[in-house]
Amino acid sequence: MWATNLKIVGVVLGTLALYTLIANEIPQVQSEVPQTLTLGANVTPEQLVAAGEKVFNGIGGCTTCHGLGTRAPNLLTDEKGTGQIGVRCGKREPGKSCKQYLFESLDNPTAYVVPGYQPIMPVMTKQLQVWAVIAFLESQGGTVDVTASDIPATSTTSSTSTTGGGGGGGGGGGLAGGSTDPKAIIQAAGCLACHKLDGQGQVIAPDLTRVGARRSAESIRKKILDPASSIAKGYEKLAGIMPKTFGAMLNAAQLEALAQYLAAHK
Amino acid sequence: MADGALLLLQAAADSTRAYGDFPVIGARAFVWITAEVHLMFAAFVLGVPMFAVVTEAIGIFGGDERYDRLSKEFTRLLLVAYSATAIWGAMLVFGLSTLYPRFWAYLTAIFAPSMWVYAALFFVESFTLYLYYYGWDRWKKGRAKLGHWTLGILLNVWGTVVMFIANSWLTYMMSPPRDITPTTDPTTIKLWHAIANATWMPINVHRVIANVVFGGAIVGAYASYRFLAAKSDEERAHYDWMGYVGNFIAMSALIVLPFAGYWLGREIYQYDQSMGITMMGGFMSWLWVIQAFLIAVLFLTGNYYLWIGMGRIPGAERFRPYTKWLLIILVLGAIVWGTPHTMIADSKELAAMGGSHHPLLGALGVMSAKNTAVNLMILTTFLSFLLYRRANTRPVVPWARTGTIIQGAMFAIAAGIVLFYGIRGYFVEAIVRIGFSVYQVLAVLACIVCVTVIDILMARGAQSLGAIRWGKMPPRSQYALFILAVTFTWLMGLMGFARSGIRQYWHVWQVMQDTSKYAATPALGYASKMISLCVLIFLCLVAFVFWIGGLAEKSTFVASGAGNEAAGKGARHVGH
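Quick mapping for you: the protein sequence lines, in order, are chains A and B.
For the first sequence, my numbering assigns the number 1 to the initial residue and increments by one for each residue that follows.
For the second sequence, my numbering assigns the number 267 to the initial residue and increments by one for each residue that follows.
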């Protein structure tokens with residue numbers, strides 16, 4: 001009987017050891033607590049690259065789309081034979097340096113939409129994160145020329161984390177720098193990540209191309225401020241997905257401009 | 267996101283003592299172990315009564331006393347297991363109240379009334395168990411027996427309500443109602459509002475089914491040990507039969523478990539998409555590859571046990587050639603299910619891979635392919651069981667041939683629907699594709715239900731090709747049952763880590779932050795060591811419970827004629 005007992009113990013321990021071994025062989029990713037990112041006036045390019053990598057892989061949520069190149073251009077390896085982003089960024093727009101191109105792409109993601117992709121990227125509003133990510137992207141095959149002098153003096157701290165997130169950071173005091181251009185607001189708010197409008201964007205949420213025929217400006221305004229106030233028919237299962245934070249992110253003029261713009265889409 | 271503001275609020279609130287520590291292993295590890303082992307015992311004392319009440323019913327309504335004795339044997343084990351559950355539960359509460367006092371105070375401020383109900387129901391449940399077990403021989407016949415069976419049902423009802431209450435606490439931590447913020451005074455939160463949170467009911471349903479699976483698997487492991495230790499053919503026959511029953515119940519419930527899992531996953535996504543992304547595409551994405559491996563082990567081992575079992579059934583030889591094809595489908599399905607896709611990785615790893623997934627095989631890593639694979643694996647397992655079930659019978663109804671053709675057509679149609687929507691999923695938008703999984707699941711469930719109904723009708727008066735030779739199983743079949751039990755238990759630990767880990771550095775998601783030194787959620791490697799340790803502690807204690815149970819009383823096996831009895835009824839088993 002002892003032999004049988006030993007065999008049973010062997011089977012149990014062997015099974016446990018196998019599972020433990022496999023779980024230890026795969027890439028080990030720990031979910032860290034967000035830490036305050038502080039880069040002083042003497043920050044080095046290496047420190048910026050390291051910080052940018054954390055933002056890119058973490059709170060920036062960049063890897064959600066910029067992976068192999070299915071939803072967005074591949075920023076880490078080759079993109080359709082054009083090389084890594086650090087190599088190609090300086091050649092994308094005539095007369096623009098790599099740094100300029102990347103900054104404008106992050107500041108206004110519709111500025112240079114790569115053919116074949118949808119303009120679904122939200123704006124990354126935290127300047128420190130933006131410059132850190134630029135430094136990191138430049139390091140992907142190129143030369144890092146971001147310096148401390150590029151970073152506005154007011155951008156001293158920002159939260160970052162190595163955990164997966166979704167989309168870029170939001171800003172306070174009005175999206176898109178307080179612009180009342182509805183297209184800029186829509187872009188900055190990342191609406192097209194879920195909605196379709198005038199042939200652009202995704203169809204996860206209702207198509208907004210003719211939203212004015214379904215809703216009044218008042219209804220649209222209410223919906224933006226309180227997404228749960230009414231749910232479009234057929235999208236009941238997705239109730240709760242739309243962020244409830246737009247009321248705090250838009251100023252009154254922006255909200256009005258956006259509501260009127262969408263209401264005119266009939 | 268307002269992370270910064272929340273961090274400041276949390277930091278301000280941390281001025282009072284919020285955390286203690288535990289020597290050597292630390293506070294988190296202590297709470298992890300006590301919670302995990304408590305939960306495993308809780309699943310045992312919920313799963314086994316479900317098993318017991320079902321087998322007692324089969325004994326009562328089927329007139330087969332073996333099932334009644336089997337039911338009693340397991341109820342006896344519950345007496346000791348209840349104590350273990352309570353001891354580990356008390357350790358967990360002491361751990362939470364001394365190591366995480368501020369968090370514990372927060373939970374009690376909301377849930378105190380439900381905690382008293384929980385304690386009261388635990389008393390009621392315990393006394394129902396005593397009545398159920400000690401009244402077994404007194405209330406053995408007629409109406410009294412039905413009354414006794416009712417006690418078994420009540421035992422399950424109390425246990426399930428107790429579990430639902432505990433589930434409300436942990437699901438509140440995952441998905442507190444959206445109107446509750448870090449500044450909400452917990453004493454102002456309505457109890458029912460906190461209980462009926464977004465993931466409460468999906469977790470309830472998922473755990474009820476999982477407990478049935480778990481109960482069956484533990485019964486199977488117990489039977490396999492007794493089989494290997496058996497000193498006579500009769501005893502071996504009895505425990506072979508018991509192992510089959512345990513495995514049958516575990517595998518039957520396992521087939522529907524993924525559907526409950528899908529529901530839970532969908533609710534998590536609907537509650538908070540970022541939580542869903544963290545779970546499936548964030549730092550936990552590799553966990554699902556491990557899960558796929560474990561479930562592949564379960565499917566392969568469960569089917570392997572059935573195929574070996576066909577060796578003791580006269581007439582099964584005619585189905586043997588099919589098993590290699592079933593094996594091929596299962597292996598291919600497992601490979602597809604385990605294909606990684608869009609895994610979280612750092613830039614160096616992504617560069618080394620050439621992207622977030624393989625340029626060619628990555629196409630098999632998306633949900634369209636995985637849903638198709640798992641549905642085909644479920645269909646294959648069902649087919650294995652069907653062949654096992656029909657192995658020693660030959661239908662004599664005049665429409666037997668037509669019935670078999672219809673059954674075959676149902677399998678083909680179900681597989682066709684699964685494949686059609688799996689392929690079509692590649693060409694439609696994500697929101698449409700998500701809906702396709704429902705059609706695939708419905709096709710498989712419809713096939714299982716309809717084919718089973720036809721089979722039952724076709725088996726009426728079927729010609730027997732010989733009795734099942736219970737006990738004529740090679741030892742490796744019994745080790746397969748051990749692997750199943752260990753894998754089920756480990757899987758339970760892994761999915762518990764997934765459920766709890768997606769909260770990341772929050773005690774209560776986006777309401778109360780974990781600011782202790784253990785706030786970071788560990789990687790899978792560390793988690794796997796903790797899970798293995800918990801499984802080992804649990805299995806050692808369960809072995810002790812079985813040993814104590816064996817000391818207290820003889821097993822249900824009765825040497826005098828039991829083997830003959832088993833052999834005499836060998837043509838019948840649970841599936842019949």
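Hints were generated in silico from the structure; no laboratory data involved.
Remember, predicted model here, so these are calculated numbers, not experimental data.
We treat Cβ as the ideally placed atom computed from N, Cα and C, and that holds for glycine.
Careful, some of the hints might be misleading.
Stated by the list, open to error - Capping the alpha-carbon separation at 30 Å, the derived lysine-lysine pairs in DSSO-like fashion look like this:
| hint | chain 1 | residue 1 | chain 2 | residue 2 |
| --- | --- | --- | --- | --- |
| 1 | B | K456 | A | K7 |
| 2 | B | K338 | B | K738 |
| 3 | A | K222 | A | K266 |
| 4 | A | K223 | A | K266 |
| 5 | A | K7 | B | K738 |
| 6 | A | K244 | A | K80 |
| 7 | A | K233 | A | K222 |
| 8 | B | K338 | A | K244 |
| 9 | A | K183 | A | K91 |
| 10 | B | K590 | A | K7 |
| 11 | B | K795 | A | K7 |
| 12 | A | K223 | B | K456 |
| 13 | B | K456 | A | K222 |
| 14 | A | K196 | A | K223 |
| 15 | A | K222 | A | K196 |
| 16 | B | K590 | A | K196 |
What the hints assert, rightly or not - Output of the computed footprint for chain A on chain B, the stretches with three or more beta carbons under 8 Å from beta carbons of chain A:
| hint | segment |
| --- | --- |
| 17 | 286–295 |
| 18 | 551–562 |
| 19 | 647–660 |
| 20 | 742–749 |
| 21 | 752–760 |
| 22 | 776–789 |
Legend entry - Index of numbered hints that the structure contradicts, given in increasing order: As far as the earlier hints go, 1, 6, 8, 16, 17, 19 are violated by this structure, in ascending order.
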